[in-house]
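As you go down the protein sequences, you meet chains A and B in turn. The opening residue of the first sequence carries number 1 in this note's numbering; numbering runs sequentially from there. The opening residue of the second sequence carries number 1001 in this note's numbering; numbering runs sequentially from there.
Mixed in with the good hints, there may be bad ones.
[Stated by the list, open to error] Derived contacts from chain B toward chain A, CB cut-off under 8 angstroms, selection only:
(1) S1132
(2) V1148
(3) E1149
(4) V1151
(5) R1155
(6) L1160
(7) D1178
(8) K1181
(9) Q1185
(10) G1187
(11) L1194
Read the hints as simulated data drawn from the structure, not as lab findings. All residues carry an ideal CB built from backbone N, CA and C; glycine is no exception.
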Amino acid sequence: MASAGGAAPFWRAAGMTYITYSNICANLVRNCLKEPFKAEAISRERVHFSLSKWVDGKPEKPTIRSDPTEH
Amino acid sequence: MFRRATTLLRRPLMGATSRRFSTDLPAAAVEDSSFVEAWKKVSPNVDPPKTPLAYMKPRPATPSSLPSKLTVNFVLPYASELSAKEVDMVIVPATTGQMGVLPGHVATIAELKPGVLSVHEGNDVTKYFVSSGFAFIHANSVADIIAVEAVPVDRIDANLVQKGLQDFTQKLNSATTDLEKAEAQIGVDVHSALNSALTG
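Pulled out of the complex, with its shape left as it was, chain B reads as follows (with noise of 0.2 angstroms):
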């Protein structure tokens, strides 16, 4: 039972690279060698089969001036709203706060909170109103944002904002344990984050 223990145990070493970001990508396709190796030494005729990694495409490189367009993908889990669309600027909605996104911004993971996510290309600006999600910024200038629900802002309906909030702030006054609070919590600030989509 432990015969593979010491190949097992081998292998971090045998890597010695050290761990790289997640938010960096390998600038050309990487072919799992130490895979492809042990293959070959157990049946040197036989191709090694691909590994999904072999089949992903690799991401542009960092290139080393400022590249003048931020590409977006923009990814639901339904739909993939915006697929490698180069734009100037998307300011996303993270919970520090609304934060601009321009070409050559450093790499970053944030965490959104409800919130308007608006991309901006020349003079036109979408904007979109994000459930929650996450939006992580890779050196080479593009953006990856992904997101439970999101919905074109003139998709709303304020009046079920309104009636909602109002339900909400009535619950968070109400509730008794953490849980109920919580949840209050959480209705109140979306809704008022509708509404200020809706509105601002």
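Excised from the complex, chain A in its bound form (with noise of 0.2 angstroms):
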């Protein structure tokens, strides 16, 4: 492992937490599969919510968003 108080790994470097980095491997990783597993894994990965910006102390009415995994 990296020597005590020597160099960050380049991610670190660069501003990116390790759980963007291990997400943005897993991505790649999934988008390399081949066919029926590609597709199971980006359904798997996918992430359903609804969001609601309140003004005012109320709120407005929500979008519901399904993406498939972003950074």
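Take the two lone chains, each set in its own frame, and fit them into one complex as the hints suggest.
Below, the structure is given as structure tokens:
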């Protein structure tokens, strides 16, 4: 492992956290799969959420998002 | 507001045992004794509720002689690939290089880089490509490998890997900000690792 006080990994030095790095790696691997597995993997990692902005203490109309994973 | 401060401050001293390493495991089921005592003082007639610790099955104790097999738990966020499987050896793709783990390996925590994890059992070798993760090897020859994404090597499409490698090499050359460079570098690393997994 990195020596004590030694250089951080390049992604850490560029301001990225480990979890962002790990998720990017996982997405890249998923994109390189053969067909039935690739579709399964992408559908498995799809996230559905409903987002609503609050203005003056009241929620506005929510937007529903079902994006495939983004960074 | 500060009435509980003295009790709260006293708690770490009550433990008195030095902090154990995360690779040490309790050999027997542990009950939180200070919680149980405090409970009994307040309501002696009611049984104390079980804490999550009481439900955990104790890990096997560190044997005094070298065990013959390594117990591997290989987990992903969505599935448990290998659960308490007894194997002869695993080779994990640590950031410091391919690391072979045999029964009786010293307790280690290793961060994994994108690479191939191979599980050797007798004459069978199963290879998985791991995107990144960690491997915890405990003193009692139990290895916990956790990864975000792991696929058997035969599920990787060589054309997509080549294409990805070219794309990211181009992006690396044309990247301007640090973040873009880092992302392109990650792309190049992952795709090169995928490539060597397919050819190696």
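Structure-based check of all given hints:
1. Checking S1132 (chain B) against chain A: minimum C-beta separation of about 5 angstroms stays under 8 angstroms; hint holds.
2. Nearest Cβ of chain A to the Cβ of V1148 (chain B): about 4 angstroms, under the 8 angstroms cut. The hint holds.
3. Given the 8 angstroms rule on beta carbons, the hint for E1149 (chain B) holds: about 4 angstroms separates it from the nearest Cβ of chain A.
4. Interface hint status for V1151 (chain B): upheld, as the beta-carbon distance to the closest one in chain A is roughly 6 angstroms, under 8 angstroms.
5. Interface restraint check: R1155 (chain B) against chain A, minimum CB-CB distance 5 angstroms, threshold 8 angstroms, status holds.
6. With a least beta-carbon distance of about 5 angstroms to chain A, the hint placing L1160 (chain B) at the interface is held under the 8 angstroms criterion.
7. The restraint placing D1178 (chain B) at the interface with chain A holds, with a minimum CB-CB distance near 4 angstroms, inside the 8 angstroms limit.
8. Nearest Cβ of chain A to the Cβ of K1181 (chain B): about 7 angstroms, under the 8 angstroms cut. The hint holds.
9. Interface hint status for Q1185 (chain B): upheld, as the beta-carbon distance to the closest one in chain A is roughly 6 angstroms, under 8 angstroms.
10. Because the closest C-beta pair between G1187 (chain B) and chain A is about 6 angstroms apart, less than 8 angstroms, the hint holds.
11. At about 6 angstroms, the closest approach between the beta carbon of L1194 (chain B) and any beta carbon in chain A falls short of 8 angstroms, and the interface hint on this residue holds.
Hint compliance for this structure: no hint is broken.
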